[in-house]
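Novice: Taken in order, these protein sequences are the chains called A and B.
For the first sequence, position 135 (counting from the first letter as 1) is numbered 135 according to this note's numbering, and the numbering increases by one without interruption.
All you need for this note's numbering is the position in the second sequence, starting with 1, plus 244.
None of these hints come from the bench; they were simulated from the model.
These numbers come from a predicted model, not from an experiment.
Beta carbons: idealized from backbone N, C-alpha and C, even for Gly.
Please note that a few of the clues may not be correct.
[To be verified] Listed below are several chain A residues computed to face chain B (Cβ distance under 8 Å; list not exhaustive):
id	residue
1	3
2	7
3	90
4	210
5	212
6	216
7	243
These are the residues of each chain, in order.
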Amino acid sequence: MITQLNAELLKVRSTRTTLGLVVGMIGLTLLIVLLSGLLTHADALASTKNQLNLFSIGGIALIFSGLAGVLLITSEYRYGTIRATFLFTPRRWCVLWAKLTAGLLTGLVFGVAAVGLAFGIGSLILSARGIPSALNGGQITLLVVGGLTGIALRGAFGAGLGAIIRNQVAAVICLLAWDFVINALLFGLVPSVGRFMPTTAADALMGLKTPHLLPPAAGGAVLVGWTATLALAGLALTLRRDVA
Amino acid sequence: MAESLTKQFGSVLAVDDLSFALAPGTITGFLGPNGAGKTTTLRMLLGLVAPTSGRALVLGRPYADLDRPALSVGAVLEATDFHPGRSGRDHLRTLGRAVSLPDSRADEVLRTVELQKAGSRRVKGYSLGMRQRLGVAVALLGDPELLILDEPANGLDPEGVRWLRDFLRAFASEGRTVLVSSHVLAEVAQTVDQVLIINRGRLVVESSLQALTARVGGTVRVRTPQPDALQDALRREDLAATREDDTLYVHGADSERVGEIAFAAGIPVHELVAEGSSLEEVFLELTSQASA
């Protein structure tokens with residue numbers, strides 16, 4: 001199982017896809033932190049809620065780690081390498097386990113980069129503008145630990161989704177539509193249901209003060225639940241389906 | 245080997261009650277027209293596709309039950325099964341690591357297939373022939389005793405075909421076994437010892453190449469001023485002949501026999517020629533008969 005994970009991690013590192021996602025993520029994080037840190041009025045930025053929002057911009061990594069997870073599996077089907085993968089490891093559960101774990105670890109790396117960047121640049125901006133920190137140690141810990149956990153889980157979440165929807169384009173569209181359309185609409189229109197959606201649960205896990213969010217622990221549990229559900233469904237399908 | 249292997253895709257019966265066994269140390273050609281069920285059969289042997297019924301065994305066990313099967317069975321299924329952005333060497337390493345092979349093994353097989361110089365380049369820049377050879381390198385990674393190749397010569401230039409032929413011969417001469425599929429008999433005729441011919445998912449012929457060559461009866465062309473009379477005479481001897489003006493084409497008999505029948509019937513013969521038919525014609529005949 002460890003050898004398979006070793007193989008999967010080399011797959012992640014040996015193409016430029018992952019690097020491309022990281023570069024895109026860093027660029028976007030930087031852009032949004034700068035815009036919101038420099039353009040928000042100093043009085044507004046002094047509030048706890050807005051400082052939480054500023055530092056939580058690293059949560060953008062949720063999208064990128066989800067994508068990385070999806071690509072981990074769908075690119076194998078797209079390019080046919082899944083055949084060789086299953087020939088070398090016919091125990092497909094072992095391949096899927098390794099991919100979910102690789103998704104988790106990849107997500108963690110993405111999270112460290114994005115959350116670290118948002119914190120670093122965000123703090124610099126605050127101190128440069130002479131705005132005192134309004135966050136206590138507990139809030140910062142939750143933001144960091146909750147953020148990293150959520151972003152890492154999203155890597156495995158994406159891998160589970162990719163195991164269910166093997167077509168790469170369809171899986172990517174499904175992920176983006178889920179996050180940006182279904183999740184956003186449901187939370188906007190029916191927050192009592194929308195707060196159980198994956199990205200809102202991840203926001204809750206970071207301890208954001210957006211109204212209607214679940215408590216952090218409950219958000220974490222919901223995100224774990226989604227990830228486990230997708231992983232198990234993906235596993236069941238992977239074991240059953242023929243590889244044409 | 246296959247035991248009553250059957251695969252149904254919806255209403256299509258792709259493989260129908262197929263049974264065969266491979267002899268160790270030989271090269272077996274797995275032949276049939278496109279769509280005959282070759283690829284599906286190979287994928288069932290390798291555990292990628294689940295049979296509807298029957299069993300597919302490799303080295304005596306279902307593929308998935310083998311302990312690290314890549315160390316005993318190597319397969320080349322598609323020439324295009326690579327991530328274009330990954331180097332050939334990294335592709336081999338990812339697979340080798342899954343079965344605990346050292347990374348240096350990737351370089352060894354790259355040398356075997358003469359790709360050592362291209363190993364660090366991304367597959368995107370490989371020619372089709374190079375991709376085929378990288379596929380062979382993947383199959384060789386675990387130093388297997390059985391090699392399964394699906395249409396490996398597709399798209400290869402003559403030099404590549406010769407390389408592959410020499411390579412397979414050398415592989416089998418070490419006492420190892422090869423199963424190679426093709427839809428063109430001529431492509432493998434110089435390589436294989438045994439042939440399995442399937443059509444519409446059913447086994448049509450299982451024999452040695454020698455025996456198949458011996459079946460090449462050929463056609464006798466005979467020109468006569470009395471074609472009707474000769475056709476009748478042949479028919480009395482249970483020989484079928486097709487007529488084209490004053491020429492008859494007789495199947496299933498040699499020229500001596502046709503000459504003697506004409507002589508016995510007192511029919512003059514102006515021309516008598518034995519036309520050898522190629523293996524390819526026999527192959528076409530065998531596969532079209534079964535579908536008729």
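Novice: Please write out, lowest number first, the hints stated earlier that are contradicted by the structure.
Specialist: 4, 5 and 6
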